[in-house]
Amino acid sequence: MAPRARIRWRLRQPSVIPGFGLALGVTLTWLTLIVLIPISGLLWRSSGLGWANFIALTFDERTVNALAISFGTAFVAAIVNLVFGVILAWVLVRYRFPGKRVIDAMIDLPFALPTAVAGIALTTLYAPNGWIGSLLEPLGIKIAFTPAGIVVALVFVGLPFVVRTVQPVMEEIDKEVEEAAATLGANRLQTITRVLLPGLLPAGLTGFALAFARGVGEYGSVIFIAGNLPYVSEIAPLLIVIRLEEFNYAAATAIATVMLFLSFLMLLVINTIQSWSRRRYSNGA
Amino acid sequence: MALDIGTTSTSAPSTPVRAATSETRLARATLIALALGFVGLFLLLPLATVFIEAFRKGAGEFLAALGDPETFSAILLTLTVAGIAVPLNLVFGVAAAWAIAKFEFKGKAFLTTLIDLPFSVSPVISGLVFVLLFGANSALGPILQSYGIQILFAVPGLVLATVFVTFPFVARELIPLMQEQGTSDEEAALSLGATGWQTFWHVTLPNIKWGLLYGVLLCNARAMGEFGAVSVVSGHIRGETNTMPLQVEILYNEYNFVAAFAVAALLALLALVTLVLKTALELRYSDEIAASRRH
Amino acid sequence: MEVRVQNIRKEFGRYPALEDVSLDIRSGELIALLGPSGSGKTTLLRLIAGLESPTEGTIFFGNEDASNKSVQQRNIGFVFQHYALFRHMTVLDNVSFGLKVRPGNRRPPAAEIRRRALDLLELVQLSGLEKRYPAQLSGGQRQRVALARAMAVEPNVLLLDEPFGALDAQVRKELRKWLREIHDRTGHTTVFVTHDQEEALELADRVVVMSKGAIEQVGTPDDIYDHPVSPFVYGFIGQSNCLEVTLSRGEIWFEDRPIGLRAASEPDGPATLYFRPHDIELIDGCGGCLAGLVTAGRRVAGTRHLEVSLGRTLPPVEIELPPERASSTDHSRVAFRPTRWKLYRGASDVAAASVQAQTSAIELAPTGT
Numbered sequence: 001m002a003p004r005a006r007i008r009w010r011l012r013q014p015s016v017i018p019g020f021g022l023a024l025g026v027t028l029t030w031l032t033l034i035v036l037i038p039i040s041g042l043l044w045r046s047s048g049l050g051w052a053n054f055i056a057l058t059f060d061e062r063t064v065n066a067l068a069i070s071f072g073t074a075f076v077a078a079i080v081n082l083v084f085g086v087i088l089a090w091v092l093v094r095y096r097f098p099g100k101r102v103i104d105a106m107i108d109l110p111f112a113l114p115t116a117v118a119g120i121a122l123t124t125l126y127a128p129n130g131w132i133g134s135l136l137e138p139l140g141i142k143i144a145f146t147p148a149g150i151v152v153a154l155v156f157v158g159l160p161f162v163v164r165t166v167q168p169v170m171e172e173i174d175k176e177v178e179e180a181a182a183t184l185g186a187n188r189l190q191t192i193t194r195v196l197l198p199g200l201l202p203a204g205l206t207g208f209a210l211a212f213a214r215g216v217g218e219y220g221s222v223i224f225i226a227g228n229l230p231y232v233s234e235i236a237p238l239l240i241v242i243r244l245e246e247f248n249y250a251a252a253t254a255i256a257t258v259m260l261f262l263s264f265l266m267l268l269v270i271n272t273i274q275s276w277s278r279r280r281y282s283n284g285a
Numbered sequence: 001m002a003l004d005i006g007t008t009s010t011s012a013p014s015t016p017v018r019a020a021t022s023e024t025r026l027a028r029a030t031l032i033a034l035a036l037g038f039v040g041l042f043l044l045l046p047l048a049t050v051f052i053e054a055f056r057k058g059a060g061e062f063l064a065a066l067g068d069p070e071t072f073s074a075i076l077l078t079l080t081v082a083g084i085a086v087p088l089n090l091v092f093g094v095a096a097a098w099a100i101a102k103f104e105f106k107g108k109a110f111l112t113t114l115i116d117l118p119f120s121v122s123p124v125i126s127g128l129v130f131v132l133l134f135g136a137n138s139a140l141g142p143i144l145q146s147y148g149i150q151i152l153f154a155v156p157g158l159v160l161a162t163v164f165v166t167f168p169f170v171a172r173e174l175i176p177l178m179q180e181q182g183t184s185d186e187e188a189a190l191s192l193g194a195t196g197w198q199t200f201w202h203v204t205l206p207n208i209k210w211g212l213l214y215g216v217l218l219c220n221a222r223a224m225g226e227f228g229a230v231s232v233v234s235g236h237i238r239g240e241t242n243t244m245p246l247q248v249e250i251l252y253n254e255y256n257f258v259a260a261f262a263v264a265a266l267l268a269l270l271a272l273v274t275l276v277l278k279t280a281l282e283l284r285y286s287d288e289i290a291a292s293r294r295h
Numbered sequence: 001m002e003v004r005v006q007n008i009r010k011e012f013g014r015y016p017a018l019e020d021v022s023l024d025i026r027s028g029e030l031i032a033l034l035g036p037s038g039s040g041k042t043t044l045l046r047l048i049a050g051l052e053s054p055t056e057g058t059i060f061f062g063n064e065d066a067s068n069k070s071v072q073q074r075n076i077g078f079v080f081q082h083y084a085l086f087r088h089m090t091v092l093d094n095v096s097f098g099l100k101v102r103p104g105n106r107r108p109p110a111a112e113i114r115r116r117a118l119d120l121l122e123l124v125q126l127s128g129l130e131k132r133y134p135a136q137l138s139g140g141q142r143q144r145v146a147l148a149r150a151m152a153v154e155p156n157v158l159l160l161d162e163p164f165g166a167l168d169a170q171v172r173k174e175l176r177k178w179l180r181e182i183h184d185r186t187g188h189t190t191v192f193v194t195h196d197q198e199e200a201l202e203l204a205d206r207v208v209v210m211s212k213g214a215i216e217q218v219g220t221p222d223d224i225y226d227h228p229v230s231p232f233v234y235g236f237i238g239q240s241n242c243l244e245v246t247l248s249r250g251e252i253w254f255e256d257r258p259i260g261l262r263a264a265s266e267p268d269g270p271a272t273l274y275f276r277p278h279d280i281e282l283i284d285g286c287g288g289c290l291a292g293l294v295t296a297g298r299r300v301a302g303t304r305h306l307e308v309s310l311g312r313t314l315p316p317v318e319i320e321l322p323p324e325r326a327s328s329t330d331h332s333r334v335a336f337r338p339t340r341w342k343l344y345r346g347a348s349d350v351a352a353a354s355v356q357a358q359t360s361a362i363e364l365a366p367t368g369t
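Protein chains in written order, with my numbering: chain A, 1 to 285; chain B, 1 to 295; chain C, 1 to 369.
By construction, these hints were calculated from the structure, which means they are not laboratory data. Any given hint could turn out to be false.
To spell it out: a stretch of chain A is covered by chain B in this simulated footprint if at least three of its residues, at any positions, have a beta carbon under 8 Å from a beta carbon of chain B; those stretches are [stated by the list, open to error]: (1) 51-65; (2) 111-117; (3) 138-150; (4) 170-182; (5) 256-266.
To list a few chain B residues with every Cβ distance to chain A over 12 Å, as calculated [said to hold, decoys possible]: (6) F42; (7) L63; (8) V155; (9) P206.
We put the CB at the ideal spot given by N, CA and C, even for glycine.
The whole structure should be built from the sequences, with the hints applied where relevant.
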């Protein structure tokens with residue numbers, strides 16, 4: 001990486017604005033130091049494991065379980081957030097009710113609240129002697145210390161994503177299109193499902209992808225409520241930490257690499273679905 | 001034009017017909033109930049729990065918990081780490097936004113993707129990469145140790161991990177904003193004879209000040225609240241390398257619930273203040289923050 | 001299907017958009033609601049559609065009171081100014097939409113829906129485009145899809161809200177002709193809103209001139225143009241000149257001289273004289289005329305428009321002459337007299353006149369051209 005030398009020739013158009021060299025230089029230096037070197041370090045370490053070792057570590061039963069739990073719970077939580085996120089966005093954009101402004105602002109709470117705080121609060125609520133846990137206990141439903149608890153925590157963490165990506169799109173909905181559907185005889189449900197929701201699909205999928213990605217990597221809010229039983233409620237990031245504490249750097253590296261790779265793959269799949277849906281559902285939008 | 005009509009009425013229809021583009025009252029009420037229930041259950045209840053548990057044994061216990069020396073040093077450490085990480089990322093963010101927004105060059109898209117990287121990486125992995133880089137069996141670790149420089153399990157490591165995790169915030173806020181603002185103001189200043197720095201200080205900075213504040217706000221909230229990445233590099237050395245979130249974990253695992261929630265309540269308060277300021281900025285300065293202020 | 005609007009009043013909050021409007025629309029006619037913005041024409045259209053509900057009054061579709069019917073139940077077809085096509089659906093899906101959302105017992109089978117939609121696309125001359133998306137069509141094509149979509153449900157009444165307002169002038173002209181043809185072929189009762197009087201006069205069987213929430217006049221284009229009942233209508237339709245005159249013993253006087261026109265049965269006093277630029281004759285000498293100095297002239301299509309100043313403090317008057325006659329009159333004095341004209345008494349800016357005009361309109365036979 002040669003950050004600062006010979007910057008001029010890389011400009012597409014000559015610019016009278018000064019500071020390009022300096023700005024780009026600072027940017028690239030910082031990025032290199034903080035991002036590129038560490039990440040390459042991980043990948044380099046990972047490749048140093050040797051293929052056979054890597055496979056063995058990756059397909060270790062406990063690892064596979066942890067990955068399955070991480071990705072599985074993140075998926076379920078993202079689905080929940082998709083459904084309720086759309087409802088929330090709808091209600092916030094279209095209806096008026098007391099406290100709407102406050103609720104709208106609170107949607108961003110998971111962005112602002114430290115994950116550890118969320119973690120202990122949720123655990124306290126859903127533990128068998130917690131407010132909600134104690135209500136569900138007699139029904140035989142356990143949330144805390146089970147994968148269900150993980151889903152709850154990930155719903156919290158991912159809540160703003162769908163709402164915030166869908167809200168601006170909903171605000172742009174053309175009232176005349178709704179009226180057109182009504183004049184053609186569509187009742188309200190038909191108008192919403194056939195005309196309005198398809199237009200929201202690309203934004204909804206984006207929000208889903210963001211919530212899902214966030215959920216897969218989440219640590220702080222999950223480890224308190226999860227119970228962390230291996231093979232049952234142990235998430236992949238926790239397994240990485242455990243391996244690190246065992247000084248098993250190889251295993252930690254392998255799991256991290258696999259997580260990165262799987263997330264990358266997942267994002268690719270979702271991006272493809274997104275561009276498909278954008279082409280299909282919001283042509284010319 | 002006499003049509004045979006049964007009833008002629010000039011008064012308003014007795015059953016007013018619902019507007020074409022709204023749902024039944026029942027549907028509306030149900031949706032609102034669902035939405036509020038969801039928000040109440042997943043957002044408000046946990047938030048309330050933090051404060052209720054913190055004060056469960058009264059204000060005295062609450063204050064005593066905060067005054068505990070380990071906890072107090074955790075608070076100081078959090079402030080220190082954030083105090084270093086946020087300004088660093090501020091400078092970076094401004095530099096990155098300046099380069100990306102005011103110039104056209106190859107690799108811009110790649111750069112932007114790179115800047116977004118920490119958002120897509122698990123915090124634990126963010127910490128792991130530094131352990132691999134500076135840990136006992138890495139290349140750099142022992143070298144630095146021989147010079148007496150301790151990265152991991154010390155403040156520098158905490159700062160590094162925090163910087164990694166929070167550096168996109170300011171940049172992501174400023175880039176679309178500065179792109180929207182274009183280069184005409186700066187070009188005007190330059191044509192009037194201002195130097196680059198003068199242009200930056202007197203023209204660019206005032207234009208972006210609210211976006212900058214917004215980005216710093218989010219960056220700070222994340223910096224103070226970061227858990228996963230910091231947990232990996234900290235070593236959990238009480239009184240030395242425990243930030244507030246880590247301290248919360250320790251206290252909680254020791255079943256010292258009131259103390260844990262007391263520290264948590266402080267952090268929650270910070271979160272609420274952040275939210276209030278964020279909303280205030282969005283409401284008053286929405287054009288000056290960015291078109292894409294909702295991320 | 002006839003539509004009867006009876007004593008409709010519509011208020012938005014405190015703002016009265018329509019005041020005591022009544023109108024009978026005959027089955028199968030093409031009727032235009034014409035007026036400037038704020039006249040209430042779009043509000044009236046939307047009330048007929050059911051997209052708004054009246055504050056007072058009733059609307060009848062045939063013999064039935066439509067007030068208790070939702071917009072879905074009224075079976076109307078509505079075409080919006082900005083098309084309001086469903087962006088994520090193909091052209092075919094757009095046109096089929098109204099048929100697909102019908103409840104089970106009234107919904108035709110899928111093959112039938114497809115056939116009908118394709119037939120309609122052929123009618124609007126868009127065959128072959130059924131798989132395209134709205135974003136891939138021009139404005140004119142989109143509007144034709146919108147019309148096909150509205151017609152697919154076999155509406156009682158077709159309602160068009162400034163349908164050509166968003167299109168280029170050329171496309172507008174083409175679509176105007178085309179709409180008339182479609183109407184003649186299908187026979188739907190059609191109501192369309194426009195602020196373009198040329199469009200209204202060219203297209204409609206009858207024109208409803210509206211202003212400030214009330215109907216000024218209803219009539220055929222000839223009626224409206226040749227026999228306007230109020231100053232507003234006279235001034236809004238076509239071009240007109242307007243002079244403050246005085247009546248004295250049946251003679252019409254302008255400023256300090258008679259202009260050679262008589263209104264025998266009229267009492268003395270002030271009045272307003274309206275005449276159109278092309279309804280004048282030049283006079284040599286002046287035994288009762290309007291005279292003034294030509295201040296400007298320009299060629300417009302096959303005639304010459306002259307601006308004549310009748311006096312320093314007065315606004316100029318426009319007259320139209322065939323080019324041969326006009327050539328000798330540039331920058332010189334000209335004397336002329338209106339051949340067709342109308343006199344109105346009372347305030348010339350009459351607020352909220354209904355069809356039963358409050359100003360008395362005096363009409364005299366033309367004195368020859």
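Okay, the hints, checked on the actual structure:
Only residues whose C-beta sits within less than 8 Å of a C-beta in chain B count toward coverage, and the region 51-65 of chain A has 0 of them, not enough to reach three; the restraint is violated. Coverage of the region 111-117 of chain A by chain B holds in this model, with 7 residues showing a Cβ closer than 8 Å to a Cβ of that chain against a need of three. With a cut-off of 8 Å between beta carbons, the region 138-150 of chain A has 0 residues touching chain B; three or more are needed, and the interface restraint is violated. With 4 residues bearing a CB less than 8 Å from a CB of chain B, the region 170-182 of chain A meets the requirement of three and the coverage assertion stands.
Only residues whose C-beta sits within less than 8 Å of a C-beta in chain B count toward coverage, and the region 256-266 of chain A has 4 of them, enough to reach three; the restraint holds. In this structure B/F42 is not separated from chain A by more than 12 Å, as the shortest Cβ-Cβ distance comes to only about 5 Å. No Cβ of chain A approaches the Cβ of B/L63 within 12 Å, the least distance being about 19 Å, so the stated non-interface status holds. Every beta carbon of chain A lies more than 12 Å from that of B/V155, the smallest distance being close to 16 Å; the non-interface claim holds.
Against the 12 Å criterion, B/P206 stays outside the reach of chain A, whose nearest CB is about 17 Å from its own CB.
Hint compliance for this structure: hints 1, 3, 6 are not met, and every other hint is.
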